[in-house]
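Those protein sequence lines, which keep their order, are chains A and B.
The first sequence runs 1 to 308 under this note's numbering.
The second sequence runs 309 to 644 under this note's numbering.
If you are wondering where the hints come from, they were derived from the structure by calculation, not from laboratory data.
What you are looking at is a predicted structure, and each value in this text was computed from that prediction instead of being measured.
It cannot be assumed that every hint is accurate.
Some chain A residues close to chain B (C-beta under 8 angstroms, calculated; not the full set) [claimed, not checked]:
(1) Val155
(2) Arg197
(3) Glu198
(4) Gly207
(5) Glu217
Covered stretches of chain B (in silico footprint by chain A; criterion: 3 or more residues with CB under 8 angstroms from a CB of chain A, positions within the stretch not fixed) [stated by the list, open to error]:
(6) 389 to 403
(7) 411 to 417
(8) 420 to 430
(9) 448 to 461
(10) 563 to 572
So these bits of chain A aren't anywhere near chain B, every CB distance computed over 12 angstroms [unchecked claim]:
(11) Trp37
(12) Leu60
(13) Ala202
All residues carry an ideal CB built from backbone N, CA and C; glycine is no exception.
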Amino acid sequence: MARFVQNLLRRPGPSGSESERAAQDARETTRSHQPWWTRVGLPFWLSLGWLVLIGLSAILADILPIDDPLSTNLDTLFMTPLSEGHLLGTDAVGRDMLSRAIHGARISLQLAFTAPFLSLLVGLVLGLSAGYFRGRVDTAVSIFTDSILAFPNIVGVMVILFFFGASLPVMILALAFFGIPAEVRVARANTILFSGREFVMAARALGASNLRIMVRELLPNVIVPMLSLVLFGMSIVIIIEGSLAFLGVGFPPPTPSWGKMIADGFEDISRAPHVTLVPAAVMFLTILSLNMIGDSLRALTDVKASSL
Amino acid sequence: MEPATGRQPPLLEVVDLHTHFVTPRGIARAVDGVSFRLERGRMLGIVGESGSGKSVLSRSIIDILARDGTVRYRGQVVFEGRDLRQLPPKAMRDVRGRDIAMVFQDPMTSLNPVMKIGLQLTEVLTRRRGFSARAARTRAIELLNAVGIADPERQLACYPMHLSGGMRQRVAIAIALAGEPKLLIADEPTTALDVTIQGQILDLLQRLQRQRNMAVILITHDLGVVAGYADEVAVMYAGQIVERSETGELLRRPRMPYTEALMKSVPLMSAPPHTRLQSIPGLPPNLLDVPGGCRFHERCRYAREDCSERMPPLTAKSGSDHHFACWYPLAAGAEA
Numbered sequence: 001m002a003r004f005v006q007n008l009l010r011r012p013g014p015s016g017s018e019s020e021r022a023a024q025d026a027r028e029t030t031r032s033h034q035p036w037w038t039r040v041g042l043p044f045w046l047s048l049g050w051l052v053l054i055g056l057s058a059i060l061a062d063i064l065p066i067d068d069p070l071s072t073n074l075d076t077l078f079m080t081p082l083s084e085g086h087l088l089g090t091d092a093v094g095r096d097m098l099s100r101a102i103h104g105a106r107i108s109l110q111l112a113f114t115a116p117f118l119s120l121l122v123g124l125v126l127g128l129s130a131g132y133f134r135g136r137v138d139t140a141v142s143i144f145t146d147s148i149l150a151f152p153n154i155v156g157v158m159v160i161l162f163f164f165g166a167s168l169p170v171m172i173l174a175l176a177f178f179g180i181p182a183e184v185r186v187a188r189a190n191t192i193l194f195s196g197r198e199f200v201m202a203a204r205a206l207g208a209s210n211l212r213i214m215v216r217e218l219l220p221n222v223i224v225p226m227l228s229l230v231l232f233g234m235s236i237v238i239i240i241e242g243s244l245a246f247l248g249v250g251f252p253p254p255t256p257s258w259g260k261m262i263a264d265g266f267e268d269i270s271r272a273p274h275v276t277l278v279p280a281a282v283m284f285l286t287i288l289s290l291n292m293i294g295d296s297l298r299a300l301t302d303v304k305a306s307s308l
Numbered sequence: 309m310e311p312a313t314g315r316q317p318p319l320l321e322v323v324d325l326h327t328h329f330v331t332p333r334g335i336a337r338a339v340d341g342v343s344f345r346l347e348r349g350r351m352l353g354i355v356g357e358s359g360s361g362k363s364v365l366s367r368s369i370i371d372i373l374a375r376d377g378t379v380r381y382r383g384q385v386v387f388e389g390r391d392l393r394q395l396p397p398k399a400m401r402d403v404r405g406r407d408i409a410m411v412f413q414d415p416m417t418s419l420n421p422v423m424k425i426g427l428q429l430t431e432v433l434t435r436r437r438g439f440s441a442r443a444a445r446t447r448a449i450e451l452l453n454a455v456g457i458a459d460p461e462r463q464l465a466c467y468p469m470h471l472s473g474g475m476r477q478r479v480a481i482a483i484a485l486a487g488e489p490k491l492l493i494a495d496e497p498t499t500a501l502d503v504t505i506q507g508q509i510l511d512l513l514q515r516l517q518r519q520r521n522m523a524v525i526l527i528t529h530d531l532g533v534v535a536g537y538a539d540e541v542a543v544m545y546a547g548q549i550v551e552r553s554e555t556g557e558l559l560r561r562p563r564m565p566y567t568e569a570l571m572k573s574v575p576l577m578s579a580p581p582h583t584r585l586q587s588i589p590g591l592p593p594n595l596l597d598v599p600g601g602c603r604f605h606e607r608c609r610y611a612r613e614d615c616s617e618r619m620p621p622l623t624a625k626s627g628s629d630h631h632f633a634c635w636y637p638l639a640a641g642a643e644a
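Isolated chain A, as found in the complex (with noise of 0.2 angstroms):
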């Protein structure tokens, strides 16, 4: 994927005069010489490395030195973050508030790596579909998204919860299932556009069948756009999880969720503002790092969109 991008990124710049085009060139080749992760500056390494230190946490949370999350004392109430052994402070019955994150970020993180992914596969398909063929495959595919787009996203997810149970697969299938329109509107439209262009008709008069087509010459061009787009549908997904969560419809209580843990320290806000604040600015450097990435990825493809 990473020599992809960068042999996308090397092409000429859009024509200009003759000079503009010399000097164009010639920024261009400076500029191709640099390799990429020169040129994403330190806001995407900063939102890459806190993204993987919340992963990596995650992963091992079983073996890092950190207490058990669902282990109460009394005698630990309310501690604030930097005190002895509670580096993160403590919650109203005394739980391991940096212990609680952790965990909470697995369930985040593994909603966030799947949901979206399925999304986009399922989306793919669609998309494709309604795209290369238009006509009734076409109108299917929109009432299809355009119904599930008439539904407000988080009253969907919670009553496919009530009524399958708030289970991680349920969850994952409900957040995949309200992500498809948006990926299945990307992949259409830069279907159609690229469906116009002349390497399409050419392979079709080269005798390409259909499934070749869309596979081997529309897939490559259409899933930049929508890889870019996970990105967007990870942070979408943590948020709704937090919101679900905070409403009390999310996982049952012992679980540690980060929507949960801002709702379980709301009421005591006042007193210990902290058991609310640490899983909030948790969840927000999670988002703001996902959408920097994504911005700095777009950045670097869109590129490739205004002079291919």
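Fit chain B to the given chain A structure using the hints.
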């Protein structure tokens, strides 16, 4: 001029081909009753203004217009005795790329931007011609050599964006040749290229055509290109062929006023400076609503009353292969 092949059927015979598009504003008659034949190893130039239906005609021959259900065909496209319109989709896919290949106008968009050219080239060989991966690579290098690309081995690993326009068009031609087609359709292959490159590409096409005894349909709006390269010329106007003949004959003795008007609108190097360039008054007809009678009558300086009433058929005088569709053709001079 009689076909030299005698009893053998022509390579391609298009009979009364219609291609109509169903649009919200009505039916666009992009190709409306076109017939012609093409022998093996000959180059046919199809000339016409933008919107005359020449590109749609080329795409109709191998049926690659959009699959969105708005296209209506009628008529026959007989290739080596088989009517391509009657072939099942699978058999038609085998014809494309192997019997008939195509080169497009804009090499900037006719190559897939995210596939290395080596893969785009070898894929045709492995899939259409049954080459092994290694043999395909060797053959790909030969093909790139044949179209005049330097250092072909290195170019195989390039993406289209790494190549210049002329190079890309050479690659596109190499891809089209990979299937060893008997007919190559080149749809304005030089329009998007630099003038200096145009001649090179056309020379290349002509050389390959002669080497391989391949028939070529060269679509262009440039009479100069046709004059230099094509064996026969068909002039298209508003979805129909209005004049068709052997190139020299057509250029020396155009019979249809539209052909003459086209020729007069080509700037001449020999004309004195500041000579006003002649243009054809008016616009080509709207294909949604073509005029009755001869489609050119509104812009024709020789038009008479009945030109707007009856459509002239495309006919030739007996013993001649010079076909034209006009009630009042231009003087033939000394007719052969």
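Results for each hint:
| no. | hint | in the structure |
| --- | --- | --- |
| 1 | Val155 | 36 angstroms, violated |
| 2 | Arg197 | 5 angstroms, holds |
| 3 | Glu198 | 4 angstroms, holds |
| 4 | Gly207 | 4 angstroms, holds |
| 5 | Glu217 | 5 angstroms, holds |
| 6 | 389 to 403 | holds (count 3) |
| 7 | 411 to 417 | holds (count 4) |
| 8 | 420 to 430 | holds (count 4) |
| 9 | 448 to 461 | violated (count 0) |
| 10 | 563 to 572 | violated (count 0) |
| 11 | Trp37 | 20 angstroms, holds |
| 12 | Leu60 | 37 angstroms, holds |
| 13 | Ala202 | 5 angstroms, violated |
Hints 1, 9, 10 and 13 from the list above are not met by this structure, while the remaining hints are.
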